[in-house]
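Q: Each chain, letter by letter, is given below.
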Amino acid sequence: MTVMEQRGVYRPTPPPAWQLRTDPAPLLPDAEPYRVLGTEAAGKADEELLGRLYAQLVRGRRYNTQATALTKQGRLAVYPSSTGQEACEVAAALVLQDRDWLFPSYRDTLAAVARGLDPVQALTLLRGDWHTGYDPREHRIAPLCTPLATQLPHAVGLAHAARLKGDDVVALAMVGDGGTSEGDFHEALNFAAVWRAPVVFLVQNNGFAISVPLDKQTAAPSLAHKAVGYGMPGRLVDGNDAAAVHEVLSEAVSRAREGGGPTLVEAVTYRMEAHTNADDATRYRGDAEVEAWRDHDPILLLERELTERGLLDEDRTRAVRYDAEAMAADLRERMNRDPDLDPMDLFGHVYAEQTSQLREQAAQLRAELEASAEEGAEGAGGADGEESGR
Amino acid sequence: MTVMEQRGVYRPTPPPAWQLRTDPAPLLPDAEPYRVLGTEAAGKADEELLGRLYAQLVRGRRYNTQATALTKQGRLAVYPSSTGQEACEVAAALVLQDRDWLFPSYRDTLAAVARGLDPVQALTLLRGDWHTGYDPREHRIAPLCTPLATQLPHAVGLAHAARLKGDDVVALAMVGDGGTSEGDFHEALNFAAVWRAPVVFLVQNNGFAISVPLDKQTAAPSLAHKAVGYGMPGRLVDGNDAAAVHEVLSEAVSRAREGGGPTLVEAVTYRMEAHTNADDATRYRGDAEVEAWRDHDPILLLERELTERGLLDEDRTRAVRYDAEAMAADLRERMNRDPDLDPMDLFGHVYAEQTSQLREQAAQLRAELEASAEEGAEGAGGADGEESGR
Amino acid sequence: MSTVAAERAAKKAAKPATMAQALGRALRDSLAEDPTVHVLGEDVGVLGGVFRVTDGLTKEFGEDRCTDTPLAEAGILGTAVGMAMYGLRPVVEMQFDAFAYPAFEQLISHVARMRNRTQGAMPLPITVRVPYGGGIGGVEHHSDSSEAYYMATPGLHVVTPATVADAYGLLRASIASDDPVVFLEPKRLYWSKADWNPDAPQAVEPIGRAVVRRTGRSATLLTYGPSVPVCMEAAEAAVAEGWDLEVVDLRSLVPFDDETVAASVRRTGRAVVVHESNGFGGPGGEIAARVTERCFHHLEAPVLRVAGFDIPYPPPMLERHHLPGVDRILDAVARLQWEAGS
Amino acid sequence: MSTVAAERAAKKAAKPATMAQALGRALRDSLAEDPTVHVLGEDVGVLGGVFRVTDGLTKEFGEDRCTDTPLAEAGILGTAVGMAMYGLRPVVEMQFDAFAYPAFEQLISHVARMRNRTQGAMPLPITVRVPYGGGIGGVEHHSDSSEAYYMATPGLHVVTPATVADAYGLLRASIASDDPVVFLEPKRLYWSKADWNPDAPQAVEPIGRAVVRRTGRSATLLTYGPSVPVCMEAAEAAVAEGWDLEVVDLRSLVPFDDETVAASVRRTGRAVVVHESNGFGGPGGEIAARVTERCFHHLEAPVLRVAGFDIPYPPPMLERHHLPGVDRILDAVARLQWEAGS
Ligand SMILES: Cc1ncc(C[n+]2csc(CCOP(=O)(O)OP(=O)(O)O)c2C)c(N)n1
Ligand SMILES: Cc1ncc(C[n+]2csc(CCOP(=O)(O)OP(=O)(O)O)c2C)c(N)n1
Ligand SMILES: [Mg+2]
Ligand SMILES: [Mg+2]
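In order, the protein sequence lines correspond to chains A, B, C and D. Using my numbering, read the first sequence as starting at 1 and increasing by one per residue. Using my numbering, read the second sequence as starting at 391 and increasing by one per residue. Using my numbering, read the third sequence as starting at 781 and increasing by one per residue. Using my numbering, read the fourth sequence as starting at 1123 and increasing by one per residue.
The set of hints was computed from the structure by calculation and includes no laboratory data. Treat the hints with care, as some may be off.
Unchecked claim - Pairs of lysine-lysine residues, derived as PhoX-like cross-links and limited to a Cα-Cα distance of at most 25 Å, are as follows:
hint : chain 1 : residue 1 : chain 2 : residue 2
1    : C       : LYS973    : C       : LYS791
2    : D       : LYS1137   : D       : LYS1315
3    : D       : LYS1134   : D       : LYS1315
4    : A       : LYS165    : C       : LYS973
5    : C       : LYS792    : C       : LYS973
6    : B       : LYS555    : D       : LYS1181
What the hints assert, rightly or not - Heads up, incomplete: computed chain D residues facing chain A, CB under 7 Å, no partners named:
hint : residue
7    : ASP1186
8    : VAL1261
9    : PHE1431
To be verified - What the simulated footprint calls covered on chain A by chain B, stretch by stretch (three residues with Cβ under 8 Å from a Cβ of chain B suffice, anywhere in the stretch; the number is not a length):
hint : region
10   : 19-27
11   : 31-39
12   : 70-76
13   : 182-189
14   : 223-236
Ideal Cβ positions, reconstructed from N, Cα and C, are used throughout, including at glycine.
Please build the complete structure, drawing on both the sequences and the hints.
A: Given below as structure tokens:
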């Protein structure tokens, strides 16, 4: 039996014999975001995991502050910070196996870094030397996606393809609350459910799409309630509770892996910084709101739990901080070097083979570069007349 | 207070204070399509209304058979029949006030006709003499819409505009089960709910999108379950029960009119004919399924009810049939005349004022038409050299 | 058997086939030869597509290889992107030209750019089949000529056949291409017939090469897809007027075969571009401009264009006035300033 | 006060204003004068748009007149269609060029055609503002020049200002137009400044008229939007090389001002089209082709094009190599076969 034939052979029958195709009850999210830290559930949490989450959160926060600092030094064209959202970013990375795929949005460089990607490669797009700074296939991380929600059907297609091939691969796709309004969100979730594709959709509801608050984005009881309309389970989780996000995502990944199909997870969190360094958040929200969320900081929540349980001594804290600082220092140092760019790369990889038109244009640029190099002007880089193998 | 400011001033608050934005329970559809005919509810039904529905169903069926016949005589380029779906078409027309707007799809010429539009005008698109055969503003009927689901945001925008202007206008938009998979469906419903626009979305779930059955279209418990994801009520109704469809739509229209916002109604019905006359339905479905639905024919259901209650005597039946036949005869007769076309109309109404480019092109066509008229060849129509005032 | 003998035998076994059948056969052979090829779209399964191009594929290869999708074009193309990211080779069917528009963002922002964005790490070998053009009496939104949009998008190949044999060859080549190809199928040629033997070894035409369909010395008609037969007819009719017209079938709009085109125009000194698409902003502008850039001193007259009018596609009963026909082409040829030169 | 005196007074009161400010003022004045005008888009409310063009509008006119929408471009344009059907005059903001693509189907299949489809019964006076082009160091999908798509779509006007005054005048005219207008705002000119008095009676430029920004006798540069200042600079630099270049700012791509353009090229006998958009399939082909059709016997050389390369828009650090600059324009001018003629 093929994958596509496994579906029920539902046919519309006359209304006298009508029945719902699935029971909606188990698909509906709970009325409250699921929480672990500070609740009884925390007792069952794996201590080793909590420790790993903590180290990654601290490292993630440091990454965010470092990247933001780099924008001020002109070393990044732009940076959309995930400060405050580290629990989601880190948990998304940690629930995946090596063979699984991550589909990040522009805000999710941290998820890629937490998965092991070199931060410099993760930041290539935002530095501006190339669009994607890494080989997506090597890392199983799709290119950081800017057109909102367009990465979601990609995740579905990839997961479906893996299933068709018989590979045990799950795709986890990340999107913002604003992104859920796009048609691509709808189409992706529908395809995923119809195909029972092994995908997990993680919506980080951080309260805003740039300046637009959630109440102008949707009137739904919660974003997780959208799931029932596709016939998949919707889960609501406290997005600042790293243990809870990890648990909910893990369950969803397992369900996907076992052929149970997709899940929609809404993680309730908050964007502590402006949309990007270019944004001015004071135009649309007050300090009080931001301050209120500081008490619910993901690092704070986990730290409290670990401390109460005696799992966090000074040595451990120091080691975690040291690791984070080392990462930041290395990042700073490497980002402060100018990237080595070859303008002739413009014509690389537009097609498998360069068209005659592109060859002509490449020759034109090469001639220009040579001319300006000859003029002794500070030649516009890489005028060696050959395409780099980059 | 402006319309836009009436919304709740929800702001994301830290998860400790989280609450669902609305109670999902009342938004969820019942587990069974709502029915009136043959149930206790029928007792409460307005007898005059049942009589009107009956007359319109019979007329609608006759319209469908006549239009189909016209395709065989080459008088229509194509006809997507609504045979079997007349209860939805007719109820959609009858629940609206004169000032309300109808947004039909290509399959919904009958709804337009039941609303009072001249059938010849309704069929202009499908005959092929022009795209829209009527003035949408005069009839408050949007152009028949072919690109699937694209009419839904129009309905939302129009209803929103009316509300902004303080006009008491409701928009009812029709779409098929297949159309619910399009991104525009999602975006329209979301805008409608956020703006609390006075719109009713009527999904005719007729089991198929051309050849594709519902189980390949969605895995949702029902299409009506999609409503909760937008924060609007979803209603499931037996689409062949004219009284039930009328009641559910009426309620939704009233709610919209009173500022209660949009509703999604799924009417479960069945497409008795092929997708269009050009389609071969035997390729994808068996006779048995079609036959099973004959017992649930919308005319049959209503006839049974009326007869049992002694509301249908032979005189009444004869009068209804006579009216339907008269409509069909008139339609046949007028559709058998060749429409009077002026090729110069091609350049009309591309812009408010013709551009110099279009003037040049119009002159070219005019010259061609004159030349071929002079050649005595059976001139390509309307070569009078003047644009018609059409 | 010698190659010549084999060819002769194959020709003998040739039977009339329609372009739709040749396209279907190309899909079938691609599916059979390459297990990574997957066909997906609306109604491509049991129905075989509204033009029956995919007829029988699901039966032969199963639903996993030829799949009826939900009704959402961005979703179809978007999932195809994901499938290609995983190493598959999806062939997507858009049901009609205008119904490819919902997938525009996926096409422009992802399909066309993924190879470049990832510096070659993630090419997307996707073929997007789009039935296009008019002349079939379709109601609105069923007859658009949308090639200008695709031509204006770097990273896409844009291919369109005009003959039964090319339909097969070019579609095979498109599916085999490691780049995304928008494969435009001229609707009104779906039922055009030619003698063709599907079991003979078929020529797989390389993408990017125009072909001279008729040699001539007076002027060159530059055309493609649905307008090729019209131009051939015009060329025959032109003989009576004393013109010996060359007809070039471009076959591939991207990449563009400057060599073949310029060589022809240099030979004839005059050219008319013919297409159904709206004139303004349509493919003809690019073609005329680049021919002029390359052949300026060989031209006896400006390169003229015969195109659809700059109007939304007309309703069925009026479309014949819109579509470039033989007379309009000959009128343009007559305006090529014959007094001026050779 | 005489008109001349009033004009002089107004000029005196003029202060440096940016193009973004002039656009904002045009929106403000349109909202104030016509109660049917409504502005909608992503972040156009309290934020004032990511380029601050709508700054203050919600405060002044309320949320009903300047509305933050959900994040869905097809939904924005689709609801605008419905609003226009009911008699409103929506002005839609697309946040960036590439983020207008999701609205493509609504634009092509409805906005551009509704008047024609309904034989004039239902015109759609919608203005779609699209910030376009590069040169601002934007990451991918933030610098597309998408004008070719809009030009190829009959039923749309396509307008783009190059000066502060035109930004105001053309936007006012676009909003006042009873036809849909795609109003392309050159991103890198948002912060360009000119002396401008917002309170003086402003010229509302008619849509469809090009303007000669610099007269010259050697050759004509045909350009628009972000490339206008570059061409002006090139013309100044050309003086040293002995060329006296005329610069025509097209301002409106649709309708196209054939008269002004052809008159200029007939005068100079040589022309170069300059734009940022990709060359192949870009606006330049249409422009070069129609100029050649009209001015063939006045041309000393083929109309040349200087355009962006045929590649996806490059990353910030490389964009300067892609964008047409003064040198590249002068190189093209040098190739206009000066030995050949006048
Ligand atoms: C299709 C599209 N439209 C608009 C934008 C511009 N834009 C970039 S981020 C953003 C807000 C996204 O909000 P959300 O989805 O909540 O994600 P967040 O930024 O909060 O992580 C917008 C409108 C875009 N990138 N893509
Ligand atoms: C955007 C778009 N894609 C594809 C089509 C082609 N098409 C026309 S009708 C149809 C099936 C529609 O099914 P459904 O929405 O269930 O409506 P029904 O025909 O059953 O009334 C398709 C695929 C279209 N008209 N528009
Ligand atoms: Mg957000
Ligand atoms: Mg249906």
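Q: All the hints need checking, so say for each whether the structure fits it.
A: A quick look at each hint next to the structure:
1. Distance check on the hinted pair: C/LYS973 and C/LYS791 sit about 15 Å apart at the alpha-carbon level, within 25 Å; holds.
2. Between the alpha carbons of D/LYS1137 and D/LYS1315 the distance comes to roughly 9 Å, so the proposed pair stays at or under 25 Å and holds.
3. At most 25 Å may separate the alpha-carbon atoms for a hinted pair to count; D/LYS1134 and D/LYS1315 meet this at roughly 16 Å.
4. Simply put, A/LYS165 and C/LYS973 have alpha-carbon atoms about 38 Å apart, too far for the 25 Å limit, and the pair is violated.
5. Distance check on the hinted pair: C/LYS792 and C/LYS973 sit about 16 Å apart at the alpha-carbon level, within 25 Å; holds.
6. Between the alpha carbons of B/LYS555 and D/LYS1181 the distance comes to roughly 20 Å, so the proposed pair stays at or under 25 Å and holds.
7. Look at D/ASP1186: its Cβ only gets to about 13 Å from chain A, farther than 7 Å, so that hint breaks.
8. The interface hint given for D/VAL1261 is met, as the beta carbon of that residue sits about 6 Å from the closest beta carbon of chain A, less than 7 Å.
9. Interface hint status for D/PHE1431: upheld, as the beta-carbon distance to the closest one in chain A is roughly 5 Å, under 7 Å.
10. Restraint check on the region 19-27 of chain A versus chain B: 7 residues with Cβ-Cβ distances below 8 Å, three needed, restraint holds.
11. With 4 residues having a beta carbon nearer than 8 Å to a beta carbon of chain B, the region 31-39 of chain A meets the requirement of three or more and the stated coverage holds.
12. Here's how the region 70-76 of chain A fares: 0 of its residues keep a CB closer than 8 Å to some CB of chain B, so the rule of at least three is not met and the hint is violated.
13. Counting residues of the region 182-189 of chain A whose CB lies closer than 8 Å to any CB of chain B gives 6, which reaches the minimum of 3, so the coverage claim holds.
14. With a cut-off of 8 Å between beta carbons, the region 223-236 of chain A has 8 residues touching chain B; three or more are needed, and the interface restraint holds.
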